[in-house]
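Visitor: With the hints as your guide, set chain H onto chain F.
First to last, the sequence lines map onto chains F and H.
For the first sequence, position 135 matches number 135 in the UniProt record's numbering, and the numbering has no gaps at all.
For the second sequence, position 34 matches number 34 in the UniProt record's numbering, and the numbering has no gaps at all.
None of these hints come from the bench; they were simulated from the model.
Note that the structure is a prediction, hence the values are computed from the model and not measured.
Hints may contain errors.
[Said to hold, decoys possible] List time: in silico SDA-like cross-link candidates among lysine to any residue, alpha-carbon distance up to 20 angstroms:
no. : chain 1 : residue 1 : chain 2 : residue 2
1   : F       : K185      : H       : K136
2   : H       : K322      : F       : L187
3   : F       : K185      : H       : I238
4   : H       : K136      : H       : L60
5   : H       : K322      : F       : S184
[Unchecked claim] Residues on chain H that point at chain F, a partial pick, calculated with CB under 10 angstroms:
no. : residue
6   : F97
7   : Y102
8   : F128
9   : L152
10  : A182
11  : K185
12  : S186
13  : Y215
14  : I217
15  : G234
16  : G239
17  : L302
18  : L306
19  : W324
We put the CB at the ideal spot given by N, CA and C, even for glycine.
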Amino acid sequence: MTTTRKPSLSLGPVYFLWDGPKWRDFYFRIADEAPVEHVTLGETVCSKRQHFSEPHIAEVIERLEAAGKKVTLSTLAMVTLERESRQVRDLIRDSEHPVEANDLSALGLLRDRPHSIGPLVNVYNAATARTLAARGAENICLPPELPAASVLQMLAAMPDFSFELFAFGRMPLAISARCAHARSKGLTKDNCQFICGEEPDGLPLRTLDKQSFLVLNGVQTMSNSCAVLVDDLAPLVEAGLSRVRLSPQDCDMVKVAGLYRAVLDGRMDGEEAISELAEVYPGVRFSNGFLHQQEGAAWVSRGRNAAMGHG
Amino acid sequence: MELICPAGTPAAFREAVEAGADAVYCGFRDETNARNFPGLNFSREELRQSIALARSRRVLTFVALNTFMRAGDEALWYRAADDAVALGADALILADFGLMAYVAEKYPEQRLHVSVQASASNPDAIRFLIEAFGAKRVVLPRVLTVQDIARLTRQIGCEVEVFAFGGLCVMAEGRCSLSSYATGKSPNMNGVCSPASHVRYRQDGEDLVSELGAYTINRFGAGEASGYPTLCKGRFEIGDVAGYAFEDPVSLDVIDEIDALRAAGVSALKIEGRQRGKAYVAEVVSSLKKALRAAPAERAALVARLRAMSEGQRTTTGAYDKRWR
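Chain F with its partners taken away, still in its complex shape (with noise of 0.2 angstroms):
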């Protein structure tokens, strides 16, 4: 028997537009009590916020660092204009961080640096990994999409490399030149007025029979749904997975770590993690239905895992 070494926490960039004082004060909360090794961040979904948290970033990482954290900063997912060439350019050579890349423009210019690669940057398979290693990428997040089947070939090909997986928080599904939440308000993207900021959690989108659907984070939308992998992760600990990656929502994220923390540390079952965490995100569904190869909106219960074969 070998003994499985422990993945870290990955506490991922907030996707949605969170006031400056709000930001901060989730962050140095995260800083303080959250037991979490390693924090992306930086806005990622959409250029024209940068400057709601852009006054803070330097004492959040000064707080983080502090902490004992590894701070890594996210770039954009989506590069359109001159000015968001510009800004990534900008904070790749300027950063004394390691840096995530979201998106090709930064795989470009992260040659041969040390970097992160993104949940969504399309990596489906080990031959795009290797590729992406051997410019430079050190620790690959996969997208959320990936199957269990496919994560386990990725680990086993490359037993050496660390992955991360996308293990809680709405999944970001697809983006957009095109703000819907905006629309929805009678808005356009260029004139916005940061109308997203007024759904700090997404703005939920449901079909015409009322069914919980999706959510709108300005030009991304996401799942209604929170990704919940918390009891689905010791095979792919076994198999070597590196990080577990939490993403933002606007609730507890402490004690969201702490639950991820103490089901990898086996100190909790995975099946009362997922009872607390209803409490700690309330009235949200959960779903794993990637990993499952199902719809990502299913949900697959343990004794369903055992059934498919799973661990």
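Guide: Frame of chain F; chain H shown alone:
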């Protein structure tokens, strides 16, 4: 500008060649391409014959291998690339970095085009694809305005191809998991979006309800024209307001922008529609070919018929116009 035309079948391929295509793009009959629909696409033998026909008419053949390789099954994609090269494809249209690396290393002379599915939307992204994989052409995602495109082409050393007509992705292509969230099947992994296998129509009183997987995508009242439940063109509720949250059921038509695109330095216009029948392909290709040669004032008449063939009978210039955002 070249006209790049879709072919889902050898018959449509022939029609596209006859109608004046400069190049025809197609894919193999499996999940290696992003139009993996039942009854579509080419066997190796069909591709061989089609390439021979195209060559005899000085038309190019591009083979789309533009899904992302499933981990562990990469051999399926590698074999498709090997066969497309051996059969004489003039270009491979690729989205997956691993597959690009394979082709660039094994067939350095092979022309590599970057699929729209790779989502290269800015000069630095395109420079990366040229530097890393020797890309010769990039198909731009439908997230840019004509002005963005003009700025971009000036900065890069590679050809640019843009979508001009047909189906319209509202989301950045290759970066959308909405379909698999509802059905488990996605463009990136399975080559399908909002697949027919998961579509159901049901009558609810006066209403016809269209569903994708477990989700209602639209409801059509009596007398209202119904449509296919493509997820991003469905009607949804936000707050108390119901409507087309992402986009109406429209298709893309940038014929009025032809001169602007040419001036922007675009090398090729692409027609979407490998899933469409050969009559559609013939009509669209010949009309667009004429439109490309015609004076701007004469174009409107040429394309009036085409617009009637479009999805929902309504068209948009989409992201090419800044106001679309």
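Visitor: Decide, hint by hint, whether the structure agrees.
Guide: Hint check:
1. Of the supplied pair hints, the one linking K185 of chain F and K136 of chain H is violated, its CA atoms being roughly 42 angstroms apart against a limit of 20 angstroms.
2. Of the pairs offered as hints, the one joining K322 of chain H and L187 of chain F holds, with about 14 angstroms between alpha carbons and a cut-off of 20 angstroms not exceeded.
3. For the suggested pair K185 of chain F and I238 of chain H, the alpha carbons sit about 9 angstroms apart, so the restraint of at most 20 angstroms is met.
4. Taking the CA atoms of K136 of chain H and L60 of chain H, the gap is about 15 angstroms. The hint holds against a cut of 20 angstroms.
5. Taking the CA atoms of K322 of chain H and S184 of chain F, the gap is near 18 angstroms; set against the 20 angstroms cutoff, the hint holds.
6. Nearest Cβ of chain F to the Cβ of F97 of chain H: about 4 angstroms, under the 10 angstroms cut. The hint holds.
7. Taking 10 angstroms as the C-beta cut-off, the interface hint given for Y102 of chain H holds, the closest approach to chain F being about 7 angstroms.
8. At a threshold of 10 angstroms, the smallest CB-CB gap from F128 of chain H to chain F is about 3 angstroms, leaving the interface hint in force.
9. The criterion of a C-beta within 10 angstroms of any C-beta in chain F is met by L152 of chain H, whose closest approach is roughly 9 angstroms, and the hint holds.
10. For A182 of chain H, the suggested interface contact is upheld, since its CB lies about 6 angstroms from the closest CB of chain F, less than 10 angstroms.
11. Here the hint on K185 of chain H is kept, as its CB sits about 8 angstroms from the closest CB of chain F, short of 10 angstroms.
12. For S186 of chain H, the interface hint holds, the least distance from its beta-carbon to any beta-carbon of chain F being 6 angstroms, beneath 10 angstroms.
13. Because the beta carbon of Y215 of chain H sits about 5 angstroms from the nearest beta carbon in chain F, less than 10 angstroms, this interface hint is met.
14. This hint holds: I217 of chain H has a C-beta 7 angstroms from the nearest C-beta of chain F, less than the 10 angstroms allowed.
15. Residue-level restraint check for G234 of chain H holds (minimum Cβ-Cβ distance to chain F is 8 angstroms; threshold 10 angstroms).
16. For G239 of chain H, the interface hint holds, since its Cβ comes within 10 angstroms of a Cβ in chain F; the closest pair sits about 8 angstroms apart.
17. Annotation: L302 of chain H was flagged as interfacial toward chain F, and the flag is violated, the nearest CB pair being 28 angstroms apart, outside 10 angstroms.
18. The criterion of a C-beta within 10 angstroms of any C-beta in chain F is not met by L306 of chain H, whose closest approach is roughly 24 angstroms, and the hint is violated.
19. Interface restraint check: W324 of chain H against chain F, minimum CB-CB distance 6 angstroms, threshold 10 angstroms, status holds.
The structure fails to meet hints 1, 17, 18 from the earlier list, while all remaining hints are met.
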